[in-house]
Amino acid sequence: MTDTNAAIAPPETFRAAVWAQFRKHKGAMFGLVVLTLLVVFVVIGPMLWVPEKLKVVEALKSKNLGPSLKFPMGTDQLGRDQLARMMAAGKVSLAVGFVAMMIAIFLGTFVGVLAGYFKRLDGILMRLTDMFLALPLIPLLLVMVMLFRDKIARVLGPEMGAFILIVFAIGVTSWMHAARIVRGEVLALKEREYVLASRSIGASPRRVILRHILPNVVSPVMVAATLGVAEAIITESVLSFLGLGFPPDFPTWGRLLYEGLEYMQLYPERVIFPGLAISLTVLSVNYIGDGLRDALDPRIRGR
Amino acid sequence: MLDRDAPATPRKLVEVKGLKMYFPITAGVLRRKVGDVKALDGISFDIFEGETLGLVGESGCGKSTCGRVILRLYAPTAGSIRIDGTEIAEADNQTLRPLRPSMQMVFQDPQASLNPRMTVAAIIGEPLDEHTQLSKTEKLDRIYELMDAVGLNRNFANRYPHEFSGGQRQRIGIARALALNPKFIVCDEPIAALDVSIQAQVVNLLEDLQDRLGLTYLFISHDLSMVRHIADRVAVMYLGRIAELAPRDALYDRPLHPYTQALLSAVPEPDPGIETDRKRIILTGDVPSPANPPKGCNFCTRCPRVMDVCRDIKPDLAEIEPGRFVACHLYETTAAAAGSTGASEDYERNQQGVSL
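Each protein sequence line maps, in turn, to chains H and V.
In terms of our numbering, the first sequence opens at residue 1 and continues consecutively.
In terms of our numbering, the second sequence opens at residue 1 and continues consecutively.
In short, the hints are calculated from the structure, not lab data.
Worth double-checking, as some hints may not be accurate.
Across the chosen pairs, the derived CB separations fall in these ranges [what the hints assert, rightly or not]:
| # | chain 1 | residue 1 | chain 2 | residue 2 | range |
| --- | --- | --- | --- | --- | --- |
| 1 | V | Ile-25 | H | Pro-215 | 32 to 38 Å |
| 2 | V | Thr-86 | H | Phe-148 | 55 to 61 Å |
| 3 | V | Ala-266 | H | Met-131 | 53 to 59 Å |
| 4 | V | Asp-253 | H | Arg-301 | 52 to 58 Å |
| 5 | V | Arg-97 | H | Arg-120 | 19 to 25 Å |
| 6 | V | Arg-280 | H | Arg-301 | 48 to 54 Å |
Every residue gets a Cβ at the ideal spot worked out from N, C-alpha and C, and that includes glycine.
For reference, chain V alone in the conformation it holds in the complex (with noise of 0.2 Å):
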């Protein structure tokens, strides 16, 4: 697993640029428009491709509606989006419908993604509905090659997702996500909805699928052992901003901005021993409204190093280390190098204690 490294000259398939997404506020009888849920405001990453970029925080902080922008599910209120090379963030439907089998989506809830009233040929064989001419006997074997790739029996496919388990319609979403030999996958927190054992499964499944068929993947969750177990690099977000984006290891190991230990400080330990010892950082207050966002960095409300600079300014996101970008102003003014050391220090102990 930890040997998944992406090839030599990673090539970027997906680039997103200063991507914002507000959904408007309506009023009164006219209804008016009298704000913006910033959901997105304005956050910027790569994808490598075959990589899996963890996307992670706490909920409502705009982790879904990321990956649905990426997709075009929704139009983005601002931004660049390009996938492959082609930029989409104001394609419309017919420039989309072409590109739509490249990019594909596994949803958070195995239940409701699932029509009840399809059988499982009919869910999975409906991408292949929409973008192939596929005859009958076609579309049948490569229904089956699908529900061999994620492990489901072939008896099943005239039955209905109610008769299956959460695990099993899990694969079925994964399997209607692949039909259409897709190159990036937006996993909507494909585990939130299983139990422990089925979460694993199912991870290890689509791990074993991006093996095999060269998957890219933008992971979204917030179970922070999942993502540090399937991830290559992590961005943490916080109301509708991106906190930290690190490799996965350097992320774990020594995180740097303050929301980020909070996060992980909150993982708990295995091993009682540690457990007991394990020192939490404790945030204080409630994520503000992300109508009504602090003028400032998004943390500076509930940070515990916030400094003055920190209510006035939004910090942008800059690459500290190589690979390694952080939103925070404890960064800015020091050198890179030994500011990190210096502002991780305090918090060694806890880290420790994550890092098994």
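With the rest of the complex left out, here is chain H (with noise of 0.2 Å):
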């Protein structure tokens, strides 16, 4: 018994496996590298690029200007830098992408699971869920952003207001599809007979859940969270555009976007940089999420 422990080799961590088969994934691997730099860009970008300060007469001269040296990707219809621009919106765009799915996520995990494990539950959650899928959804969030907007950024401040006001709402506005979905797989996950096992053993509701059932949800819950970060992104460029959103001079992505669109035909490199980064952040986290997925699953990181 003494020297058979020692004789056998230590076992490969879990998360070393999950790396060395994530590695595999070379979409993944891709998606890693484009998130990677996008957020070195917007995090470190505006340390290195500090565009100078232009006079307004400077400026008026020089808007609406194609990509140039002076500025890489031009300059907006206030001869505005672009490029600092994007940098800064990308900040913000890609913390509410992040920031809201998880909520999202988590919100509609935990619904999902309540109403699939316990059956006294269901009805209620899965009627609650219907109920958020049938409200018309801009109404509500205009009505969320008018009532709490300025109490809200009485206490942490207008920006930081803003991003909390938008994360939460657009968090709690999105969870629904992510909580049908958890439902449906924990419905049949739960008569396994592992599951069955578990609690021939005794194991309380939470042990098995956390034990069995969630692990088992990761792969559903994986295609949800990554498709949900694009739409996190595209909705806060709705309610921007709406004025909704974070306030006129604080840029995102999506309002980027839309500032472009009116000189599209004109100028469509003001479309073209931040509708490229939107992609990029979903085409990549999508890439992650799948790459993710497979390295969590032991059938397939076996092979």
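Put the complex together from the two separate chains, hints included.
Here it is, written out as structure tokens:
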């Protein structure tokens, strides 16, 4: 008994195994690199690229310029440097996308697991989900922002206040699909024999859910999450466009896109750059999600 | 194998009395209850310490439900279950939890009974996590010990279930069931999903463990020859009720209940000479729906020896000979011994074919 334990090779840790499989997924590695570059671009970029302050006259002269050495992405209709605005906008857009997605996924998984696992809660929670699905979201968001913007801004400041409010608003209005998917999955999983085995040991529902149900709903949740990031970024730009999101002088990728829309035929680069940034984010997140899902599944990992 | 007799004064480890398990049928928009599926309709039996009780019957007769209700995975509709003297039919989860270690289950489908995202060590260690406060190394020692006991290589501890064959997976399931030193194990068709060669390995492992650890089994199966191999006593179920309960040899040599006779006549015979002469009792019709069982005896719609009384009154399980219980009107009127001999005469030929 004593020597045998030492003789067995130390187990490969879970994280190492997941990482090894993740690296095999070319798309996921590509996505990870692109997303890292985007994050570096929006976080470190503003420190390296400080556009010179233009006087009003200069700014008026240099409005709507195309890409040049001085303005790599051109300027907008007010003569502001697009590159600097892209960086500032990206920080907000990425943060909103990820945080809102996390809120939505957390809520959706929570509601879905409860509804699927506990029969008593199923009716109530799913009707609540249906109700949220039936709500017209834009008017709801409008009311939420109208009611709470000033109150939150007073406590947290206008930018942080707007951020929290928007992230929260997007989160609580986009968890329903995740909840439905998770509930369906849980309904099937809880009848599996390994859940029965766990119950026959006397495991509490909390343990059963954490140990058996949640790890096995990772795949659909991962898919919902990657789609959620894109959706959150787009929803935020819709809100900003309607004047409900961040203050007008506060750039986000969605807002840059909408501002550029008017000038699209004359200055296509005004739309291309923010559009490209959003697309790249969504694409890389999708690939990362794909790779992560594969890496977390031992049946695929073994290969 | 034959001399694995119960001790001289066997103690009842499991006592089941009048156990009923009805699953409600709902219909309509309001999900009103319109009826019950009578999966178990008043069954009673005892299991003695150290013995193996085989539970046989065709698909859908309530065998698996029976096993699960006894472990209180379902809350029974009525009846009493006593395990080691403790009544658990009405107990709630808090009361049950400390009792769980003494009763465990081995499942039918080794693929479905192991979480695909847990390693073998985590699966076998799960009961230890729930019920013991072992340190990490103690737990690992115990896991290795269990893997040795069921014949799994220790190097497999960090692998995942999908990397194993069916037989190995079933060994993992057995190791998990053994983790807490149970007294009583419900084997819910543990060999049904396995190849014949692997079936033998698993059954031998179960017998071996029984000898070493003094386990008591409720062995649920529809494989009559396997039950004959492993069981000490056999209960035959039909449509939620026990038709016959008898010691193994007595049941296989001289089945009393017409259903048992028909069931045993379906067992193929390895010797081709005898096989051609084998007389099968072919039952006609289908099993009635457990939601709407016949008024009298559950078997009266298909019984080759049906009488008028069978269609009106449900027969009770009665002890006809010492240790032999039969639920059939054929044996109620006449004296026990005479009746049984007379009843089995017609089938003598076929029964000889079965007994090897």
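Indices of hints not satisfied (ascending):
Hints that this structure does not satisfy do not exist here, as all of them hold.
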